[in-house]
Amino acid sequence: MSARSTFRALPTLFRIGFAEMVAYRAEMLVWVLATTMPLIMLALWSTVARDAPVGRFDQQDFVAYFLATFIVRQLTGAWVAWQLSFEVRTGTLSMRLLRPLHPMVSYAVENLAAIPLRLIIALPVAVVALLLVGSERLPKSALLWVVFLLSLLGSWLITFLANSAIGTLALWTGSSIKVMDVWLALFMVLSGYLIPVELFPPVVRSAVEVLPFRYQIGFPVEVLTSAHDTRTALILLARQWTWVAISFFLVGVLWRRGLRRFAAYGG
Amino acid sequence: MSTLGRYWRLLRVQVRSSVLLGLQYRADFALDGLVSLFWTLTAVIPLFTVFHLRGTVAGWTFGEALLVTGWFTLLEAILEGAINPSLTAVVEHIRKGTLDFVLLKPADAQFLVSTARFEPWRSTNVVTALVLWGLGFVRLGHGPSLLGSLAALLLLVTATALLYSLWILTVSAAFYVVKIDNLTNLFNSIFDAARWPVQVFRGLLRWIFTFLIPLALMTTFPAEAMLGRLAPTALAWSLVGAGVFAWLSRRVWLRSIARYTSASS
Amino acid sequence: MNEPMVSVRSLRKHYTVHKRPPGLKAAFASLFRRVPTVVKAVDGISFEIGPGERVGFLGPNGAGKTTTLKVLSGLLYPSSGEVRVDRHLPQKREDAFLKKITLVMGQKQQLLWDLPPSETFALNRAIYEVPVPQFRQTVAELTELLELGDLVSKPTRTLSLGERMKCELAAALIHRPTVLFLDEPTIGLDVSMQVTIRSFIKAYNERTGATLILTSHYMDDVAALTQRVIVIDKGVLSYDGALDELARRVRPEKRLVLQLDSPVDRATLEALGRVVSVDAAGAVLQVPQESVAPVVSRALATLPVGDLTVENAPLEEVMSELFSRSRAERAEVEDAA
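Residue numbers (the numbering used here), protein chains in the order written: chain A, 1 to 267; chain B, 1001 to 1265; chain C, 2001 to 2337.
Please note that a few of the clues may not be correct.
[What the hints assert, rightly or not] Computed Cβ-Cβ distance ranges for the label pairs, DEER-style:
(1) C/G2081 - A/M95: 23 to 31 Å
(2) C/L2161 - A/G134: 37 to 45 Å
(3) C/G2081 - A/H102: 21 to 29 Å
(4) A/R257 - C/L2161: 36 to 44 Å
(5) B/L1103 - C/L2161: 18 to 26 Å
(6) A/G91 - C/R2157: 31 to 39 Å
Just so you know, the hints here were simulated from the structure itself, not pulled from any lab data.
No residue lacks a Cβ here, since even glycine has one placed at the ideal position from N, Cα and C.
Produce the complete structure using the sequences and hints provided.
The structure is reproduced here in structure tokens:
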């Protein structure tokens, strides 16, 4: 489908995607409740910081950090890898392929359509966070807020594209959930999800600056809690979007090749 | 032909078909073990980082906390290798409506369903658990006391029983809620808190993790037993708690099956 | 004739699969060494279909019918040979091509499960870029033809299998495709629903002139809907022509259905022709084409006949005979080799 006609179809696609999510809301709630890791880590780090701050983080800082992590996680999740593995396994991918709409677009819409509902869950948490910690840590300048919003978008894109790239491997191997598990394990440890990136020993720290994981969740959280000045934030933003571009390219290549192989073997 | 003998034979058949099934997906066979190992290794990193920054947390040193993580890893191995696969299959049965075939068989449904799938290659984590314990004791400079080890062994049984009961409770929920893959995800997310000594949590959360969702009984208490500092009341509660939950989960399961068979068309 | 709608030339589709022998030891061995085998799903098929034709693909399970259909819709790439649908190469999956076709699979569905079918209609309208006035008209026509009523506003998961199939068909036709691929569309449906679906498909073809390619195990589907059948067996085309001609070739015999006023013994019946079945009320005899007239007059003269009809052998039997015959021939060839 041409870019223009895809664009015209988007409102309907989103409307229906949203309707599906609403029909699926009980399960959505359970998914959100299962995001317990930031809260467990919050309990842990609070205990660690009870007598003295850890690095620059005191207990309040940890509360702000991990509640922000919870919120950002809700807004940037994607599950395409599981979708693709499932659809390749059950043969229902054919249904998507018969349509004159690029399957990646339909996956993107479906994953994005969940965000409004997750936002509704995230809002009370945000309110609680503000009440507990106050608003001193929020970004001060309008520019930093813009950077934050852009970082959220970049975050979602990297997560979605990484998911897609790994999901596309299913076109070769039948199911790429194991690879996704490996990615997730690395993500949880190296992205700032469990441990603020600042607290890592120097060796790990330098690796984390270069890998994409931190830009999936750590970076937006850091901007939201004013961990960086404007200049650093902009530099990190550039790095994040470099990763977006790389992921985009990777998915393009993998998808084209994968589809050819899929259609050679079994539709 | 005794019932026990019959169930023993059934178990052997179930295990054999699990292995055959596992061998069919040859890439999975090797990969599963590797992925499990990988998850465990990456999970130790936060532990390492925390204790790198702070020598003692909530009264636990690094070596001692390693014991708790070791117990967690061992239980994960049991969960991933023996409990998860079968019970996930139940979820599939319910979704596809093929649970009826299981219920029609002349054997206890809970037994059949619990022994349907084993994935022993996930038990690489058993080795990892032993390694973690070894590392922990090396750091502590001493080994576990004899009495402590015996108590720990006993607690292994109760911990496994508890894990299994909690799982049965979760799966029984599948009879009431249609899409349950999320519930198993929820279970795993909550269970993840067990990798830390329960003293890390305070107030309401510690109470919940000791009495309501007794993670403490599964990892913290056995570790304390190995260290020879488990309070007798804690030991008593472990035994009683495991029994209570086993009884509770059996009742809930039977109630859920009854509801299913009377409600299904 | 003018340009054919579907043209297939020397289509071949081969797969490489790995054998999985039974038993524990062999399963362990297969971890280290695998035996590859080439499966020839389709091995050299050629045919042409003109616009507006209704064609049925027949063949035993695993014959290559669904594979051919998937190649025609662009889901599978041919190993060799040329396939064109309305001058497009299906494997290119051009948007213009995808908008002209539809594939309905009896075993898989495209309707969104938790939402009403009307939402799937709206989704397809957007994806296929159907102008709104045309969309409304199409939906109205389909609702009337398929007697959908208010089914379209109920969530798909609450509909019965037959109701779902009707809505599936409607969803597949929102964009008024000119080529319809139907893979087992009536599977699992009760008889009255099968009739409804069949008459709808026929009406759609007559109204719009769409080309129809159908695979089905139900001979009634094929007999009611198609003028021409293509028989695919073990990946090879073994017949291409009219259905009754095929039946005549395979089973050139007629059936005499007799209603008898009083029982007649088997020996007497066997003198007239091969006895297919006999009970207290009557008998069914199988008689070669040429002998029909003399046997009928003898039966009427010598037996207490209450009613008599002459029928063709049931298609199901003809088909299973055709496939078992070809299997037997192939077995002979293999034995001889």
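- Message: When the structure is checked against the list of hints, which entries are broken? Sort them ascending.
- Response: 2 and 6
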